[in-house]
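*Asks:* Mind docking chain B on chain A? Use the hints.
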Amino acid sequence: MKYDTVKFRRQPKIIGSYSIVGPKEGKGNFKDYFDYIMKNDLFGEKTFEKAERKMIETAITGAIQKSKLGMKDINLLVAGDLLNQIISSSYAARAFDFPYLGVYGACSTMAESIAVASILVDAGYFENVVCCTASHFSTAERQYRFPLELGNQRPPVSQWTVTGAGSCVISQKGKGPRITMATFGKVIDWGIVDVNNMGAAMAPACAQTMLSHFENTKTTPDDYDLIVTGDLGKLGSEILIDLMEDNGIKLGLNYNDCGQMYFRRDQNTLCGASGCGCCATVFNSYLMKKLQDGQYKRILFMPTGALLSTTATQQGESIPGVCHAIVVEAYEE
Amino acid sequence: MDIKERNRAYNKYVNAKIPKTRPWPTLFNSFWVGGLICLLGQGINDLLLYLFPNISEQSAWAYTLIILIFLAALLTGIGVYDKLGKFAGGGTIVPITGFSNSITSPSVEFKSEGIVYGICVKMFTIAGPVIVFGVLSSALVGLIYYIVYLFI
Chain A
3 MKYDTVKFRR QPKIIGSYSI VGPKEGKGNF KDYFDYIMKN DLFGEKTFEK AERKMIETAI
63 TGAIQKSKLG MKDINLLVAG DLLNQIISSS YAARAFDFPY LGVYGACSTM AESIAVASIL
123 VDAGYFENVV CCTASHFSTA ERQYRFPLEL GNQRPPVSQW TVTGAGSCVI SQKGKGPRIT
183 MATFGKVIDW GIVDVNNMGA AMAPACAQTM LSHFENTKTT PDDYDLIVTG DLGKLGSEIL
243 IDLMEDNGIK LGLNYNDCGQ MYFRRDQNTL CGASGCGCCA TVFNSYLMKK LQDGQYKRIL
303 FMPTGALLST TATQQGESIP GVCHAIVVEA YEE
Chain B
9 MDIKERNRAY NKYVNAKIPK TRPWPTLFNS FWVGGLICLL GQGINDLLLY LFPNISEQSA
69 WAYTLIILIF LAALLTGIGV YDKLGKFAGG GTIVPITGFS NSITSPSVEF KSEGIVYGIC
129 VKMFTIAGPV IVFGVLSSAL VGLIYYIVYL FI
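Line by line, the protein sequences give chains A and B.
When we follow the working numbering, the leftmost residue of the first sequence carries the number 3, and every step to the right adds one.
When we follow the working numbering, the leftmost residue of the second sequence carries the number 9, and every step to the right adds one.
Worth flagging that the hints you see were computed from the coordinates, not collected in a lab.
A hint or two may mislead.
Claimed, not checked - Below, computed lysine to aspartate or glutamate pairings styled on DMTMM-like, alpha-carbon distance capped at 20 Å:
hint: 1; chain 1: B; residue 1: 130; chain 2: B; residue 2: 90
hint: 2; chain 1: B; residue 1: 20; chain 2: A; residue 2: 196
hint: 3; chain 1: B; residue 1: 130; chain 2: A; residue 2: 143
hint: 4; chain 1: B; residue 1: 28; chain 2: A; residue 2: 240
hint: 5; chain 1: B; residue 1: 12; chain 2: A; residue 2: 319
hint: 6; chain 1: A; residue 1: 9; chain 2: A; residue 2: 335
hint: 7; chain 1: B; residue 1: 25; chain 2: A; residue 2: 248
To be verified - Below, a sample of chain B positions facing chain A; criterion: calculated Cβ distance under 8 Å:
hint: 8; residue: 22
hint: 9; residue: 84
hint: 10; residue: 94
hint: 11; residue: 101
Keep in mind that this is a model prediction, so the values were computed, not measured.
Glycine included, each C-beta is placed from N, C-alpha and C at the ideal position.
Bound conformation, chain A alone (with noise of 0.2 Å):
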């Protein structure tokens, strides 16, 4: 193995999972699998982002109880946001009584996290690490775009954010899936600047971690139940499967993306789905539940994230694309 894929030797499991998500997103196709879908999108809270960093307290909490560990028991908790400083997260970690890692991967991070996590519980440093990841549709909205009430129509590539948090708590004992391997992505940039068209800024930067995980691992498609990705939405996903066409790989019906799946189709989200919330959700609830079911033996899961800011993007600059993709494998005595 070489560089940039990591292949873990004591396979970290995932004990734990948790997924919260708002009235909208219950309502889309994963319904069933979520843990808790809030009644509204303030979930008792004065503002947005209150109620984002509630969420995050929500799903961290609630996936340390599914654990069957105590609070005591966790030693890290390792988190990012879309917000501006990642506040939600860092202020949700004021709540927990163990040290914070900050991460900050845009919509990536549930990976990011994911793969840090692992790499430090692996290393034997920790014991139980909580990982969480936590989206908001009107906290992104204002922050990135427009004012909610604003009478104005989105363009038809544009991606819906979800308003979720999942987390999942990462250990070197106990029963769960195993992450056995992860790749870490390079930041690639191919020169899109329309700050709506996410799904094609991001798409270059999946397929080159594709690539390089499907070389350094010796792997094709086929010896993955599963490849999910993250957002890169219904155009972004298309051009993925034309750019590893390119390079001579096909992906085939094993391939999907969350963002796609997530809403239904008289949801009106046009491209689909997008934010951190939007694959850790799906991660923590629906993979999770197949991958313990035994439905799914193996999945690929490469969440990618588009670094932009709003400042960068008014100096002109084009949008920078990362992805990181961690492989999952259903638990084994």
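*Replies:* Frame of chain A, contents of chain B only:
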């Protein structure tokens, strides 16, 4: 292949693949909703002139605008205008109601940051450029008008 060439080729490829806005339904909806708003304005104007025969036509226009701005602000506040805007696009942006919406919506949104730093500072984030260009161009026109009148 160098980077510039690759980015150009990729952008060209993406632009060909991108889903496009369907022009006819969008145009149709924005046309009839926009027309309806204008009709409403005319109706208010006529009603004002009918109810208060003593006011001049010019002040009736002013009152009409105030009423339309108020209505749009109210609809923004109760969360209706954005749905209307999503449906009608330009039809709700171009009339003065759209301008009202663009000032009210950030005020509602940034209420959580307080009155001074939230509402007052953010109020003009969208409408600001319109006001700046409006004031500047009217000053410019006034200046030209003044100079032209000096010579005739």
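*Asks:* Which numbered conditions among the earlier hints are violated in the structure presented, ordered from lowest to highest?
*Replies:* none
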